Structures are given as C-alpha cells and as structure tokens.
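J.: Take a look at the letters that make up each chain.
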Amino acid sequence: MSTVPEDLRYSKEHEWVRVDGDVATIGITQFAQDQLGDVVFVELPSPGARVRQFASLGVVESVKAASDVYAPVSGEVTERNVKVIESPELVNTEPYEGGWLVKVKLADRGELSTLLSAGDYRSHIGDTAPTGGD
Amino acid sequence: MTSGTLLRTPLHEEHVALGAKMVPFAGWEMPIQYRDGIVTEHRAVRTAAGIFDLSHMGEVHVRGPRAGATVDRLVSSDIAGLEVGKARYGLLCNEKGTIVDDVIVYRLEAETYLIVVNASNAAKDVAHIRRHVGGDADVEDASLDTALIAVQGPRAAVIMSSVTDLEIREATVEDLAPFGVVAARVGGARAHVARTGYTGEDGFEVFVPWDRAVGPWARLLAAGGALGLRPIGLGARDTLRLEARYSLYGNEIDETTDPIEAGLGWTCHLAKDFIGRDAIAKAKERGPDRKIVGLVVEGGVARHGHQVVHDGKAVGHVTSGTFGPTVGKNIALAYVPVALGKVGTELGVRIRERDIPVRVVRTPFYRREAP
Chain Y
1 MSTVPEDLRY
11 SKEHEWVRVD
21 GDVATIGITQ
31 FAQDQLGDVV
41 FVELPSPGAR
51 VRQFASLGVV
61 ESVKAASDVY
71 APVSGEVTER
81 NVKVIESPEL
91 VNTEPYEGGW
101 LVKVKLADRG
111 ELSTLLSAGD
121 YRSHIGDTAP
131 TGGD
Chain H
1 MTSGTLLRTP
11 LHEEHVALGA
21 KMVPFAGWEM
31 PIQYRDGIVT
41 EHRAVRTAAG
51 IFDLSHMGEV
61 HVRGPRAGAT
71 VDRLVSSDIA
81 GLEVGKARYG
91 LLCNEKGTIV
101 DDVIVYRLEA
111 ETYLIVVNAS
121 NAAKDVAHIR
131 RHVGGDADVE
141 DASLDTALIA
151 VQGPRAAVIM
161 SSVTDLEIRE
171 ATVEDLAPFG
181 VVAARVGGAR
191 AHVARTGYTG
201 EDGFEVFVPW
211 DRAVGPWARL
221 LAAGGALGLR
231 PIGLGARDTL
241 RLEARYSLYG
251 NEIDETTDPI
261 EAGLGWTCHL
271 AKDFIGRDAI
281 AKAKERGPDR
291 KIVGLVVEGG
301 VARHGHQVVH
311 DGKAVGHVTS
321 GTFGPTVGKN
331 IALAYVPVAL
341 GKVGTELGVR
351 IRERDIPVRV
361 VRTPFYRREA
371 P
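Quick note, the sequences are listed as chains Y and H, same order.
One point on numbering: in the working numbering, the residue at position 97 of the first sequence is 97, and numbering is uninterrupted.
One point on numbering: in the working numbering, the residue at position 316 of the second sequence is 316, and numbering is uninterrupted.
Keep in mind the hints are simulated off the structure, nothing from the lab.
It is possible that part of the hints are untrue.
Which chain Y residues face chain H? A few, computed with CB under 7 Å, are given here [claimed, not checked]:
{"no.": "1", "residue": "Gly-37"}
{"no.": "2", "residue": "Glu-61"}
{"no.": "3", "residue": "Val-63"}
{"no.": "4", "residue": "Lys-64"}
{"no.": "5", "residue": "Asp-68"}
{"no.": "6", "residue": "Tyr-70"}
{"no.": "7", "residue": "Leu-115"}
On a predicted model such as this, the values are computed, not experimentally measured, just so you know.
Ideal placement from N, C-alpha and C gives every residue a C-beta, glycine not left out.
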C-alpha cells in the first residue's frame, strides 16, 4: 500500500503537484520512489527554465537505472531543491516533503484539471486499500 | 519474455516471503532486491553478511580419468596444477581468442571437476564444453539439480560454521582456505562448501541438491539474523562486484573481447595448450589497443553503453556503471584507448547528450582490509 496524500494532484507518470497560489511544487510519488529503489542522483532544471506539461523535466537516477521525471504542469522554474541534489535519498525517505524537486510558476491553471485526484491516482497504481492518512 | 516461461529457483517462495522484488534475469525469475533496497543490502555485505540465491547459475560436472587434462584444455587457467579440494577462476575461450564465458573450476575429487558458469551462458557453455570434450570425459549438466547459496561478508565464516559440519571431523569451515572446497553438511543437507565469491568480501558458496535448498537457506538466515545477515538480491550483487572490479559477462567481457584488453591476461596460462591460446598469445605480444579502466564520475551516473569522450570525440564506452555505496561515488568501468588509460587522465562520459567529466582511477574501487 502506497501513501497518496489527499491534497495533491497526480500525473499518470507518478509525479505529484502541490499548488500554493500560482506556484506548483513538484515531486515524485511514494509509489514511484518505491519502484525506482535507492535514488542516488537527481538532475533538475535551473530557475528560469521553462517546462512544458508532460515533457521531460529532469532525471532521477536510482542504483539500477535512470528515469525521466515529466513536468505535470507547464511554467517557469522558480526554485529547485538544492537539498535533494546534495542528498538524493530524500526522494526515498520524504517523497512528499523534503524530497520535492522543483517549484514552477504555473503558466496555465487549466492544466491542473487534466491531472488525477488522489483517489484516481490510487486506482491508477492499483492501490485499492484505504490509505492510513498522511 | 513473459513470466510464464521463466524458471524459478527452489528458493522462490522464500524470496517472496522476504518481500523480494522479482525480475526476469537470464531466463530466470530472480530477486533484484528485498524490502530495504540495494544500498542497505550492499552495506550489510560489507559490514556484516549477506545471503544470496545463485541457483540460476549453471553447474557442469566433468568426470573421468582424463577429466583433468580435458578441463585444462577447455579453460584458460592452470587446471592441470589444481589440487583436489581447490578452485580456480578462468575463462572459456574460442579459437579466435575471445571470451565465451568466465567460470570457476572446482576440483571436487581426483577425477571430478565442477565448472560453474553464468546463467546467461549456460546453454551455450554446455554445448561448447560437450563439443570440445567429445568422448574424452563424461559431461553432466547438473544446473537444474544444483542449488547455489552464497554467504558473503566479514561475519560469513562465523555464520557458516554454526550450521556446517565438515566431513573431516577435526576441521571447521572457518579453516577452509580461500578457493578451497570441501564436502560438508549445511543445515542438514549434503553440500559442497567453497570459499569463493563475487563481492570482494570473505565468503562461501554452498552447492546443495535442488530439492534440499530450503533447509540450509532457512538455517543460515536464522543463524545469521542476530549478526546482521540479510538476503541480498542481484542489484547489490552488481554494485558489490563492480566496487571489487570483477568482470561481468555481457558487460566487460563477451565474444568480441579478448582476455588481454579485458585485464584478464593473468587468468591465461600461456605455457599450456588451451582453446584460444595461440590467438591470445598473439594479442598479448601485439599489445592491446584498448583496456578497461576505472572511472569516477562527477555529476551523473555512467551506465553500460554510454560513450567515453576525449576532446569531443567518442573514444570508448562504459561497460558497467553505478553508484558505489561503500566508495560513496559514482563509479564505472570503461574501455578506452591504452594511451588514455593512465590513472589521473581526465575524460568525459556522454550522459543524456552532455559530456560529464570523469577521471581514470585505480581499481579495484574497493579493497577489503586484511583481516
């Protein structure tokens, strides 16, 4: 069973988005980090870079393999998580908190409606058991 | 390949119960990691001990009065000089002097040799061995009758000794010399125990009958639990062997590489006749064009197949790369031109269209301190 916080939106590619005003914080889900295994390297765009919804945003490398992270929303990167670059294991240990990847200034709030709710994401990953809260 | 066609080891249910992630590997369904992940498993082997199911590997017995001379002709290393109760690493080569597989040969009895081969090459190797042995000895493919359990790490000896009885009463498994092999009972099962491994640590490999594998596995896990013994999947097996700079067939070596460029010239006993000997002797005399070097990568993880670049030009390729949990760095092995292989040379590895700086370093990346 995977933790899927209620207050986030999700992509089918296992990214999450937390919206605060017009800024979206982006990371990868508990399910995704569990599939990847120990994360040892992250490559993230610099502030000022523009990302497009569902295009590659960066790369998360586990011991086993490199995986693209796709931007769940379009916009301009305002900040990248320097701590996660220094300590990539935060993606495993705190995927929804200290393991966030980038903050993006939303270009189109309408894109949020194309993302999954927590319930839909749970179904997407085949997790039908109730979550224990987060 | 669908999971329906994959083979399972006799320890399959043990892995599932231990929370393993099972993946297809060389036609087998194998644990890549257990619950706590590759880095935790890797560290357990370096600091305590790990237990591995290697039952997918192939075991070929060669028996008969001429078995020694026959295996000596098959394998690059000095098998004629191998004593009973000893094992030796070597290569199966073809007449072109390139590598068919890397193997360990165990002389179990005066006229009985066990050749342990990679799972990915087992069918090819058995055919190769049968073709070259002809009528000179009996060849038995015991791969599906033989389970293989490895216990590796600084606490391997104490864990093994608690569940092992040697046939020689006065000796214990802790007295077994490196590359020694003895008949024993492990966890109640008839076994051969060898002091061999693929991790860079002290350790043992235990050959048991296929249908008796669960007993020793469970007894070893129980005996080692309080000492930090963990089950280890193929993921950590790869990071461990890479830190120790052991070759992996399909990465560093294959039928396009010769032993000299692969850094395995030391396994070739050129004073004897063996398949591929003449070509390898020529390659040695000529000197290799390229060699395998160790790389430390800053700012990315190099992977198998990535190009090595110098002055913007591709000059070689990465054979294996990962994060090395014990060395704490991203490490790789790569083929580069000999002139660019000196320790300290600055090169690049092309990762996602960018050239990431790398430095040639001494190998192995990790060496166990003398006990």
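J.: Holds or violated: the hint that Y/Tyr-70 contacts chain H, with Cβ atoms closer than 7 Å.
T.: With a minimum Cβ separation of about 15 Å from chain H (threshold 7 Å), the hint on Y/Tyr-70 is violated.
J.: Double-check Y/Leu-115 for me: the hint is only fine if its C-beta lies closer than 7 Å to a C-beta in chain H.
T.: Given a least distance of 26 Å, the restraint on Y/Leu-115 is violated.
J.: Grab the minimum C-beta distance from Y/Glu-61 to chain H and call the hint holds if it beats 7 Å, violated otherwise.
T.: This hint holds: Y/Glu-61 lies near chain H, its Cβ roughly 5 Å from the closest one there, short of 7 Å.
J.: Hey, does the Y/Gly-37 contact hint survive, CB to chain H under 7 Å?
T.: holds (5 Å)
J.: Double-check Y/Asp-68 for me: the hint is only fine if its C-beta lies closer than 7 Å to a C-beta in chain H.
T.: Violated, about 9 Å.
J.: Does Y/Val-63 meet its interface restraint, that is, does its C-beta lie within less than 7 Å of any C-beta in chain H?
T.: OK, holds: Y/Val-63 within 7 Å of chain H, min 5 Å.
J.: Could you check if Y/Lys-64 really has its C-beta closer than 7 Å to a C-beta on chain H?
T.: holds (6 Å)
When the structure is compared with the earlier hints, violations turn up for hints 5, 6, 7 and for no others.
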